[in-house]
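Residues per chain are reported as follows:
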Amino acid sequence: MGGGPFVKISQMEGIYRTIATFREPYDFGFFSFIVSLFALCRFVKLKEGKIWSFIFLILGFSGLLLSTSRINIFSLAYSFVLLFFIFWFIENFVSNKNKKAKIFIIFFISIVIISLIFLPYIHNIFSQSELALFSMRSLLERKYVWSSALNSFPINDAFHFLFGYGIGAIYRDCTIKN
Amino acid sequence: MLKLIYFLLLIYFFMIPLDGIVAFLSLKTGIEIILGWEILLSIMLFYLTIVLYLERGKIVKINLLSTKDILILVFYLLFISIPLGISNQGFWQTLWGIKLILPPIIILYLLFLISPSLFKEFVEKVMKMYFLLFVPIFVVGILENIYGTSFLTDVLGMPYGGGTIC
Chain D
1 MGGGPFVKIS QMEGIYRTIA TFREPYDFGF FSFIVSLFAL CRFVKLKEGK IWSFIFLILG
61 FSGLLLSTSR INIFSLAYSF VLLFFIFWFI ENFVSNKNKK AKIFIIFFIS IVIISLIFLP
121 YIHNIFSQSE LALFSMRSLL ERKYVWSSAL NSFPINDAFH FLFGYGIGAI YRDCTIKN
Chain S
179 MLKLIYFLLL IYFFMIPLDG IVAFLSLKTG IEIILGWEIL LSIMLFYLTI VLYLERGKIV
239 KINLLSTKDI LILVFYLLFI SIPLGISNQG FWQTLWGIKL ILPPIIILYL LFLISPSLFK
299 EFVEKVMKMY FLLFVPIFVV GILENIYGTS FLTDVLGMPY GGGTIC
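Quick note, the sequences are listed as chains D and S, same order.
Here the first sequence stands for residues 1 to 178, numbered as in our numbering.
Here the second sequence stands for residues 179 to 344, numbered as in our numbering.
Wrong hints could be hidden among the right ones.
As the list claims (entries may be wrong) - List of simulated lysine to aspartate or glutamate pairs, DMTMM-like, C-alpha gap at most 25 Å: (1) S:303 with D:48; (2) D:45 with S:302; (3) D:50 with S:299; (4) S:181 with S:299; (5) D:143 with D:157; (6) D:50 with S:302; (7) D:143 with D:13; (8) S:306 with D:48; (9) S:181 with S:302; (10) D:47 with S:299; (11) D:45 with S:299; (12) D:47 with S:302; (13) S:298 with D:48.
Source of the hints: derived by calculation from the structure; they are not laboratory data.
Chain D with its partners taken away, still in its complex shape:
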């Protein structure tokens, strides 16, 4: 924002990070993720148009790989597992009694597993390559951004920690950073 014109090429271990009509590889990855998930839901649940849903699922997944956005690839894998449990396992193998509670338990367990993956010592297993979900470069860049955010919005202030900084705070932070 606000900078002069320059060529925008972003690579990860020699792989071009596609942005298409978006500003960032993450945005293109997120859009591909949304299209994939829409297509997956339609493919599983709707009886008509299954071929088209499958085609868009493949296209969406290809877009996701082109974006190289690791968190969106990870999110789609998570959605696959979750939807598999909800649509197939629960519908076929779990009785109607307390079905809602069981769906909630699956959501809860899956979030606990995801949280465990983000524990610092597990990072080391995955962070050997730049392509990995927790690559060192990615973590260092995030550390820089999060440090700036924490400087702008310190969490040791109990009042603001509870009630936030109010509407407009995120925009101001972006302006400062840029």
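With chain D held as given, fit chain S onto it using these hints.
Quick look at chain S alone, frame taken from chain D:
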């Protein structure tokens, strides 16, 4: 009135995949107009999986059709978030935040409250619109990979600024 809201929301969702181009055309402001799109899409995905496909209006004692929820949200915004924003960021900054982020979220929620069937139709329309939009966007992505250069900056000559963390 409802049709106008419906039409405006469709335009908003149509603009999202053209984020980079919109940002260029309106320079700085275009980027901020798109703020909140992940929240909106997440609300839609939540609705899609929980309400539309599981055919349930309730999950874990949270009723999506309860007016109590929207009243709590309005109370929080009016008496906590907006005054805090004004004291921390100033009046114009807060007004900017309200103008850009809140209207589409509130309109989306109201459309859902007023007419759940119209909302269902809206979600289906957005899905189909995104499938159609994805084809040319995907082609642009393939071309970018073939030429190893950005379509927006190098082919169309659009200026670009910002970080690259994903």
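Hint check:
no., hint, in the structure
1, S:303 with D:48, "16 Å, holds"
2, D:45 with S:302, "13 Å, holds"
3, D:50 with S:299, "19 Å, holds"
4, S:181 with S:299, "12 Å, holds"
5, D:143 with D:157, "21 Å, holds"
6, D:50 with S:302, "15 Å, holds"
7, D:143 with D:13, "21 Å, holds"
8, S:306 with D:48, "14 Å, holds"
9, S:181 with S:302, "16 Å, holds"
10, D:47 with S:299, "18 Å, holds"
11, D:45 with S:299, "16 Å, holds"
12, D:47 with S:302, "15 Å, holds"
13, S:298 with D:48, "17 Å, holds"
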